[in-house]
Amino acid sequence: MTAAGIRVGSDTEEYSALLRRRHHTTTRIRSVLFHTFVLALTAVVLYPALWMLMSSLKPSADIVGNVSLWPANASLDNFVKALGGIGGVSFWTFFRNSMILATASVVGIVLSASVSAYAFARIEFAGRKVWFALMIGSLLLPIHVVIIPQYIIFNNVGLVNTFVPLLLGKFLAAEAFFVFLMVQFMRNLPRELDEAARIDGAGHVRIFTAIILPLMKPALVTSAIFAFIWSWNDFLGPLLYLKDPSLYSLPIALRLFVDQTSTSDYGALMAMSVLALIPVLLFFLVFQRYLVEGVATQGLKG
Amino acid sequence: MTLIAKTTGTGGRAIPPPSATRRRRRAAETRAGYAFLSPWLLGFFLLTAGPMLASLYLAFTKYNLFADPTWVGLGNFQLLLQDPRFLQSAKVTATYVLLGTPIKLIAALAVAMLLNNTHRGKGAYRSVFYAPSLIGASISIAIVWKAMFIDAGIVDQVGQFFGMSPGGWVGNPNMTMPMFILLTVWQFGAPMVIFLAGLKQVPAELYEAASVDGAGPIRKFLRITLPMLSPVLCFNLLLETIHAVQIFASAFIISGGTGGPAGSTLFYTLYLYMRGFVDFRMGYASAMAWVLVVVVGIITLLFFRSSKFWVHYSGEAK
Numbered sequence: 001m002t003a004a005g006i007r008v009g010s011d012t013e014e015y016s017a018l019l020r021r022r023h024h025t026t027t028r029i030r031s032v033l034f035h036t037f038v039l040a041l042t043a044v045v046l047y048p049a050l051w052m053l054m055s056s057l058k059p060s061a062d063i064v065g066n067v068s069l070w071p072a073n074a075s076l077d078n079f080v081k082a083l084g085g086i087g088g089v090s091f092w093t094f095f096r097n098s099m100i101l102a103t104a105s106v107v108g109i110v111l112s113a114s115v116s117a118y119a120f121a122r123i124e125f126a127g128r129k130v131w132f133a134l135m136i137g138s139l140l141l142p143i144h145v146v147i148i149p150q151y152i153i154f155n156n157v158g159l160v161n162t163f164v165p166l167l168l169g170k171f172l173a174a175e176a177f178f179v180f181l182m183v184q185f186m187r188n189l190p191r192e193l194d195e196a197a198r199i200d201g202a203g204h205v206r207i208f209t210a211i212i213l214p215l216m217k218p219a220l221v222t223s224a225i226f227a228f229i230w231s232w233n234d235f236l237g238p239l240l241y242l243k244d245p246s247l248y249s250l251p252i253a254l255r256l257f258v259d260q261t262s263t264s265d266y267g268a269l270m271a272m273s274v275l276a277l278i279p280v281l282l283f284f285l286v287f288q289r290y291l292v293e294g295v296a297t298q299g300l301k302g
Numbered sequence: 303m304t305l306i307a308k309t310t311g312t313g314g315r316a317i318p319p320p321s322a323t324r325r326r327r328r329a330a331e332t333r334a335g336y337a338f339l340s341p342w343l344l345g346f347f348l349l350t351a352g353p354m355l356a357s358l359y360l361a362f363t364k365y366n367l368f369a370d371p372t373w374v375g376l377g378n379f380q381l382l383l384q385d386p387r388f389l390q391s392a393k394v395t396a397t398y399v400l401l402g403t404p405i406k407l408i409a410a411l412a413v414a415m416l417l418n419n420t421h422r423g424k425g426a427y428r429s430v431f432y433a434p435s436l437i438g439a440s441i442s443i444a445i446v447w448k449a450m451f452i453d454a455g456i457v458d459q460v461g462q463f464f465g466m467s468p469g470g471w472v473g474n475p476n477m478t479m480p481m482f483i484l485l486t487v488w489q490f491g492a493p494m495v496i497f498l499a500g501l502k503q504v505p506a507e508l509y510e511a512a513s514v515d516g517a518g519p520i521r522k523f524l525r526i527t528l529p530m531l532s533p534v535l536c537f538n539l540l541l542e543t544i545h546a547v548q549i550f551a552s553a554f555i556i557s558g559g560t561g562g563p564a565g566s567t568l569f570y571t572l573y574l575y576m577r578g579f580v581d582f583r584m585g586y587a588s589a590m591a592w593v594l595v596v597v598v599g600i601i602t603l604l605f606f607r608s609s610k611f612w613v614h615y616s617g618e619a620k
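In order, the protein sequence lines correspond to chains F and C.
Here the first sequence stands for residues 1 to 302, numbered as in my numbering.
Here the second sequence stands for residues 303 to 620, numbered as in my numbering.
Just so you know, the hints here were simulated from the structure itself, not pulled from any lab data.
Check before you lean on any hint, since a few could be wrong.
Chain F regions said to be covered by chain C (calculated; three or more residues, Cβ under 8 Å) [what the hints assert, rightly or not]:
1. 42-54
2. 117-124
3. 277-290
None of these values were measured; they are calculated from a predicted model.
Even glycine gets a Cβ: it sits at the ideal position worked out from N, Cα and C.
Isolated chain F (complex conformation):
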């Protein structure tokens, strides 16, 4: 109202501007500290993978004990050697085997787990709760309790040294993780959709294929990526069932490579390690959002 009142008003304005500036500076400092620390952590976390990548470009004598990432005399010699294969079997044979196994795993898991998950999530039937509990229980079961009898069975029917033992379980939804992931996803889809379709005379097959499956795309993509990567990295299964080097998947071939190459040939070993990881890294770069979100939602609903 009076001159004094205006003075007080401009004072508080000045004061709050000062506060704002000070607040601004502290957030700036905090932000710089945060990024410095997290970037340092990123460097530490990425170092082993980068070291592998850069070492694969160095001559073997220059790898062990060389902390530096920069390849002084970079060459692709190691990759030429790694692509030459092992024991007369080409690298591309191993790559093809891994690709067949991973692709078939994806197809098998997406088909079998989505169909089974539909039964758990959308159909009311006698005994469902019991089966669901058993499915959850099998999530926690160590696989080692089943691998010995499984091996005996596959051995008796002459399927050792084929891809069948590695793929049968994928087509029979034996990896409960995927069934569980899809059940959780389906339960969040609105039930009204099914009911509307049902009133229009649609049966379960139609509801599943025409309504649920298209809506489930994110869960299917997440499952497909995990199915691919887990199959690609699987070691125990191929170690047990694949005896003939021409059937080896990459991890088993890599193990053979470790056993056969002298310890001094780290260059070729690093090159082959890099080659074996490339598909996984590509999947990560393209689909990282799906992967991280998949882990996050799975964890919360678990």
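Chain C: place on chain F using the hints.
Frame of chain F, contents of chain C only:
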């Protein structure tokens, strides 16, 4: 009966009573349910339940894949208790789980809390930190890890720079365990992502109210963050424990399939594999597998039983 009534009663003699319709519908639902469930059911009986029972039987026999199994009663279990390599494998795995899992989860929680703020770029950091979880169990990384930790390797070099000279960790029975623990801690990303999702669910009002009451960061962490996060913590702890018990590929590659030096990397599953698929003592290996199942079962049960004492479910308060 109702089916006959329906097929013969063309003229609409009687609409079946509602209870019969419902019963028929329920039968149809059950048929559909089992039809859709059939892949999983087949897999469950053929690849899980059947083999579990078979291995329970084998655990009481002597079996080498070539001759018929012979019943030995509790013989395998008695041998287990006298087998120093079995006891060693149990010790190695227990050490790994009891040290590695808590360190990994503390790291995961610390980084998750750091990233749970308004700074830009946290999505990118989250992805980068998650990456090792995806490749950590691969053979490639096991090879890299071994190359980093061998004698005169880069870890040795860095150690010497700081005046410590432990030599190669791979060949030193006292250093192999820290090496494996570092490998699992490196994969803190997966539990971190789960923690981050949990932290997002903690209502901000709780922190604001605590600030008004003058609570410091430590008090806020102990009184708000930790209780609100306890269900996620419980989940992570159980998942990581069961995961850690089953470590195999990296142990196989780093020790060259031997569990050496001096049995310091003789993880449980590695020894099980050696007994079952190298020595073909499948009865003995089955007994080991069942001991593992029982231990994992007890751990799971303990988690669920104890969870009501330390896991805070906000739903209960309402």
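Exercise. Any hints this thing doesn't respect? Which numbers, in order?
Worked result: Every hint satisfied by this model.
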